[in-house]
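Asker: One line per chain: the protein sequences are A, B and C, in this order. If you count the first sequence from 1, position 173 lands on 173 in the working numbering, and the numbers rise without skipping. Convert by adding 1000 to the 1-based position in the second sequence; the result is the number in the working numbering. Convert by adding 2000 to the 1-based position in the third sequence; the result is the number in the working numbering.
Hint data in this document are derived by calculation from the structure and do not stem from the laboratory. The beta-carbon is built from N, C-alpha and C at its ideal position, and this holds for glycine as well. One or more of the hints may lead you astray.
Incomplete in silico selection of chain B near chain A, CB under 10 Å [said to hold, decoys possible]:
| # | residue |
| --- | --- |
| 1 | Ser1008 |
| 2 | Met1011 |
| 3 | Glu1052 |
| 4 | Gly1221 |
| 5 | Met1230 |
| 6 | Leu1271 |
| 7 | Leu1275 |
With a cut-off of at most 30 Å between alpha-carbon atoms, the simulated BS3-like pairs for lysine-lysine come out as follows [to be verified]:
| # | chain 1 | residue 1 | chain 2 | residue 2 |
| --- | --- | --- | --- | --- |
| 8 | A | Lys256 | C | Lys2154 |
| 9 | A | Lys303 | A | Lys262 |
| 10 | A | Lys68 | A | Lys46 |
| 11 | A | Lys560 | C | Lys2125 |
| 12 | C | Lys2125 | A | Lys68 |
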Amino acid sequence: MSTRRSFIKISALGLGGVAAAGGLTRMAMGSSVMDTILKKVPGKEKPLHRTPTYCEVCFWQCAGWVYKDSEGNIRKIVGNDDDQHCNGRFCPRGTGGIGQYYDEDRLKTPLIRTTIDGKQTYREASWDEALDLIAGKMKDIATKHGPESMALFSHGSGGAHFGQLLKAFGSASIAAPSFAQCRGPREVGFLTTFGDIIYSPERIDIRDTRCLVLIGSHLGENMHNGQVQEMSDAIDRGATIITVDPRFSTAAGKSKYWLPIKPATDMALLLSWIHVLIENEWYDKEYVALHTIGFEQLKEHVKPFTPEWAFGITTIDPNVIVETAREMRNASPAVIVNPGRHVTWYGDDTQRLRAVAILTALLGSWGRRGGYYQPEKFHLPSFPVPAFPVPGRQPSQAYDGMYTLANEVVANGICDATIPTGLDQGKYKGWIVNGTNLLAALPNQAKTREAIEALDLLVVVDTMPIELTGYADVVLPECTYLERYDMIRNSNHRQPNLALRMPAVEPKYNSKPADWIAKELAEKLGLSAWFPWKDIEEMLDWQLKKAGTSLEEMKRIGVKNFPRETDDLYFTEGEAVAFNTSSGKIELYSSDMEAAGFSPLPVYTAHEEPPEGFYRLIYGRAPMHTFSRTANNPNLTDLMDENVLWVNPKVAKLWGLEPGQSVKLKNQDDVVSTFSIKVRVTERIRWDSVYMVHGFGHNNPKLTRAYGHGINDTELITRVHIDPAMGGTGMRGNFVTFIIDNNKAGKEAEA
Amino acid sequence: MREEIIVSGRMNHLIDPQLHIWNWQIPLYLFLGGLAAGILFFAALYSILHKEKEFPTAVKLAPFITPVLLALGLLALFIDLHHKLYFWRLYTTLRLQSPMSWGAWTLMIVTPLSLIWCALNIKILFPKWDWKYKWLYQLEAFFRKHQMPLAWMMLISSLILGVYTGILLSAFNARPLWNTSILGPLFLTSGLSTGAAAIVLMSKNAAERLTFARIDLMLIGIELFLIIHMFMGFLASTQVHIDAASLFLGGAYTVPFWLFVVTLGLAIPALLELLEIRKFHMPYFIAPVMVIIGGLIFRFIIVYAGQASRWLY
Amino acid sequence: MRYAMAVDTRKCVGCSDCVVACQTENNVPIGFCRDWVVEVTDGTYPNLEAEIRSERCNHCDNSPCVRCCPTGASHYAEGGVVLVTPEKCIGCGACIASCPYDARYPHPDGYVDKCTFCLENRVKKGLNPACVSVCPTKCMYFGDLDDPNSPVSKILKNRKYKTLIPEAGTNPQLYFLI
Ligand SMILES: Nc1nc2c(c(=O)[nH]1)N[C@H]1C(S)=C(S)[C@@H](COP(=O)(O)OP(=O)(O)OC[C@H]3O[C@@H](n4cnc5c(=O)[nH]c(N)nc54)[C@H](O)[C@@H]3O)O[C@H]1N2
Ligand SMILES: Nc1nc2c(c(=O)[nH]1)N[C@H]1C(S)=C(S)[C@@H](COP(=O)(O)OP(=O)(O)OC[C@H]3O[C@@H](n4cnc5c(=O)[nH]c(N)nc54)[C@H](O)[C@@H]3O)O[C@H]1N2
Ligand code: SF4
Ligand code: SF4
Ligand code: SF4
Ligand code: SF4
Ligand code: SF4
Ligand SMILES: [Mo]
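Generate coordinates for the entire structure from the input sequences, incorporating the hints supplied.
Answerer: So, in structure tokens, the structure goes:
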């Protein structure tokens, strides 16, 4: 982000010099990064050659084409027209994914931690040596503590390969930050209500909706491709958009209603909406009668939650609450109360998402056009392997008795269980971490570090030198998605579909694909039986042939869509449906929640408010970045190379903050940010909160473009509100204040 | 509050965050061009008026520096070009709508004229000068015979050159500060003024010095009038022009402009010249040096500030 | 024939995909761009309005950049598209100073570069410009204004629009739907 126009008012001569210097460094960088490919004169070139891939810059996994020239340089990446995730159009991160490949700061070769002259450092190693070392230590751990004390953290495609390895080894502790740090509460909230989850891509029918309600879900900044595309179509069709957000998000700017809610009070709004729908009999009576149970209890429960009551909590005008409820009713059933995706906010998130699910049911939009459709996935057989050994302990036993409703492994649960306590020496002794920057993804870094210190083995598989690589015993450089095969993408969507990722070019440096690493390691561990294929091509071809296609065909088409097996994209009107809940009905009143000891109906709990002089730290996405994984990408840092701190003008005035001024932040636990951040004075945010984009403030100096750029929100998230139902880490109950020491903050950031 | 940001982080070198495509080279080029134009103008004028005797410096001596000034100016322009190897493209076409183009052609005419003028007067500097070749003597004779038309040509082309230094900028509609038709006359006047000042500096003849001090005084008067006129025009115009003027009326360029250009470069030298005329004697070189430096700073400020002024949308 | 582009400010989310796509498609060096995205917010919390515009050269009908170019490097090409011929450009910067939209920049190789509407490499092959074809919100429309059935003609017929700084008299051919 840059402000060009306001610069004029300041000293023009001085700034000219600064800008000139900036331009020169950029020029120098430009030539070093993509030297070879930039010199071409456009238009006078030989045709480019294309190979299929699916994108790994985020987890939407759009399928597309990688174009390279006759010298083998990757030139561009473009969406595949047949793909339902992207409809031929990549998002900026996918288009800029080319930078993941060209980034000269990439990990280049395996590294092993050693001690030289009493100082810990890394030395370069061969793959053989590195994998031997890992295999040896894993065997040690298995002998001493059982194979179940190895855990895998993984986010992204490599998870399948290392997951196979870990299961073969004898551990089921395979966790991703995409559950308890992300969409977990949503899946549990909907599972307990409808007996099914939302999936990714989300099963919401924005394409045909008449009313889209976004609660803290910032589509347009959250750049999940298909959703953004369909939201744009919805705007064209004149659908009503209602955005609930303490910040004037991009989506808020496109909305008929923006409800600038006081953060942490969404539950009150939701309960009040339910109240209004029921009191005015605006709910879908037939649908509720046919499909749901617990309506009477719900009605009784929400009686007190009048719009006036909610106004006192949320600061939202009662008339607006009624009016927006009417908009939803009018559009029903083609209305989506968006369940969001990153929903681990305040610790009662499963309950909040239950409220969203209940609203959805009242509006009759689950299973209806313009609401939630019924996705379908292709039945792709797996290459036959022997049964996996039964692990000595299930991950849920590691965080014993807690998070009973979690339907996936809780990453923070494993992290906590790794830390030795008085009675327990720690349930995990070794971690393999693939494609997740745990120090940025898990809140409360101190705990993560404590767990890491207790490990006998930490293997980090990544493409970049991130925070976590500095703690690893062995660092393994994976090649980027543009240089490798991975498992066939097989996703839930309106139509079953498969997509292929294949290498467009050979791996750069001494990097290797995850499938190769996992297979090699399996061999060294004597687990080859679970990797019986010659290479991944053979395995993929076997699978694809079973699907009636082949590797050869998929290389040509990239994506294959299959007809649905059932024609139930939506429910048949008036017909009973068997839901996968305990009662077989949509449970407005959840017996599963009740059985697990939680309130069967969502309740409002007041959350702590910022102390005097502090502001709630809220965070989100920028459309041109994915978390920390793109923070060093040359193409994407070109668009945005640091995060900024959104501050309301009133707050800025109170503190004497100028636009562009650098400040550090201190949170309620006296944790001070390592780096400083520039202030953006903007009306687009409430005065009780400050906002920044997550994924910046890297502290690994090897990241030449990302190091010290902006603040890492995670380091300020030290107070975590755990969702007792599923272990989600509520991260928005942290408060920060400004440390204004211009000179010092600025210098340290530069140093 | 209106907030306008470029979310895609635009940072085009020399354009963002503010235009500064033209550095020291262009103002220097404009200054040298204006100075040379001023000197050549007076040389031609007093030659046409047959006043070589009264004003020997103006007509014969001062023009000797003009080829150097022009060459340095062209060098500055050349240094400014980003695609230097294609420099010759300037002279493969004449594009009348482009001041840059006809300016280049004007220089193509003025420079040889100034050289010829010097050649005709070379014996003043080097009394023993010998052209060595016969055809050179013939050429000299030819030009001497046609000195009057030559002077007329020089008079006109130096005026064009002087105006051009202003029009080059004023043709840019995109930069409100430049986009005023006053800039042509203003730069011409300033060029003539610096030319007169240079003559004062070089002249050893008290009467000639006095005449040119008078001329300079008058030119300064015109300049001040044009400047005031320019600001009044801006302030009576659109918001972007008001914004442009405010760069000098409270904005970033207020101090340099009013102190260095107006006070030290115009008002004080005018006062000194007035005193000189009124026979209060003081070192004669102070006023012209101030005028010349003021003229140089003036070009710099206008070029830089103009790049800071823009349309808002 | 008159090529033109329209950008729907109501759909554009400011993602800047158009910028990256242009860079990769047209070999625009890193650190430079031919298009950019402006976000304007008006009002006071909580009464706010926003407009997002993907901007680039307006391919003006009456373009000062062509007028002021001393060599003819800047010229009108097919369909009124304003182009620069690198081999004729001396890099004097006059066109850069003359563009009210700051749409041009000096390419590190010395010549001046700007949006070409992807005329040679895409449009003449029947493709949309790279930015138009990548835009996830499909908020950009391109085509021939003389053809009433082109996407840009159709959308301009049905929607309100504006151009940038019309008072500069350049007659821009980049339209913003409002
Ligand atoms: N404070 C805070 N914490 C959060 C969030 C937040 O908004 N704020 N968001 C939460 C959410 S929603 C999620 S989903 C998680 C995401 O958490 P993560 O998935 O951990 O997110 P990234 O920061 O993108 O880390 C991904 C890592 O993968 C590496 N990587 C990229 N490509 C590859 C590859 O091809 N192979 C391998 N081996 N590695 C690769 C990157 O270099 C990077 O180190 O974070 C959660 N944590
Ligand atoms: N460009 C880009 N897109 C992405 C990602 C990315 O990294 N980059 N990551 C993807 C992933 S894995 C995920 S999980 C999603 C996350 O995307 P979302 O689910 O949309 O994200 P959240 O972080 O929950 O929402 C952030 C918004 O919540 C608002 N907010 C903060 N506090 C509150 C509150 O108390 N109440 C309400 N109503 N709103 C609040 C913030 O102002 C901000 O606008 O994005 C996905 N899309
Ligand atoms: S949404 Fe963007 S980053 Fe994510 S997979 Fe698709 S193209 Fe890649
Ligand atoms: S790609 Fe489309 S939506 Fe994104 S900024 Fe450009 S015009 Fe706007
Ligand atoms: S926008 Fe600028 S560069 Fe483009 S045609 Fe108009 S004046 Fe020329
Ligand atoms: S920089 Fe090139 S294109 Fe621009 S005016 Fe000069 S010669 Fe013409
Ligand atoms: S039309 Fe082509 S050159 Fe112009 S901005 Fe779009 S992609 Fe770039
Ligand atoms: Mo996520």
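Asker: Would you check the hint for Lys303(A) and Lys262(A), treating anything up to 30 Å between C-alpha atoms as holding?
Answerer: Between Lys303(A) and Lys262(A) the Cα gap is close to 22 Å, so the pair holds against 30 Å.
Asker: Does the closest beta carbon of chain A sit nearer than 10 Å to the beta carbon of Met1011(B)?
Answerer: With Cβ-Cβ at 6 Å, under 10 Å, it holds.
Asker: Hey, Lys560(A) versus Lys2125(C), does the alpha-carbon distance stay inside 30 Å?
Answerer: The given pair, whose Cα atoms are some 27 Å apart, holds under the 30 Å limit.
Asker: Classify the hint on Leu1271(B) as holds or violated, based on whether any CB of chain A lies nearer than 10 Å to its CB.
Answerer: violated (29 Å)
Asker: Keeping to a limit of 30 Å between CA atoms, is the pair of Lys256(A) and Lys2154(C) held or broken?
Answerer: OK: Lys256(A) and Lys2154(C) at ~26 Å, within 30 Å.
Asker: Taking the closest Cβ pair, is Met1230(B) under 10 Å from chain A?
Answerer: violated (19 Å)
Asker: Restraint: Leu1275(B) near chain A, CB-CB cut 10 Å. Satisfied or not?
Answerer: violated (34 Å)
Asker: When you check the alpha-carbon spacing of Lys68(A) and Lys46(A), does it fall within 30 Å?
Answerer: This hinted pair holds, its Cα atoms lying about 10 Å apart.
Asker: So, Glu1052(B) near chain A? Judge it on the closest CB pair being under 10 Å.
Answerer: At about 45 Å, which exceeds the 10 Å cut-off, the nearest Cβ of chain A leaves the hint on Glu1052(B) violated.
Asker: Holds or violated: the hint that Gly1221(B) contacts chain A, with Cβ atoms closer than 10 Å.
Answerer: violated (30 Å)
Asker: With a cut-off of 10 Å, does the beta carbon of Ser1008(B) approach a beta carbon of chain A closely enough for the hint to hold?
Answerer: holds (5 Å)
Asker: Taking only the CA atoms, is the gap from Lys2125(C) to Lys68(A) under or equal to 30 Å?
Answerer: holds (19 Å)
Of the hints listed earlier, those the structure fails to meet are numbers 3, 4, 5, 6 and 7, in rising order.
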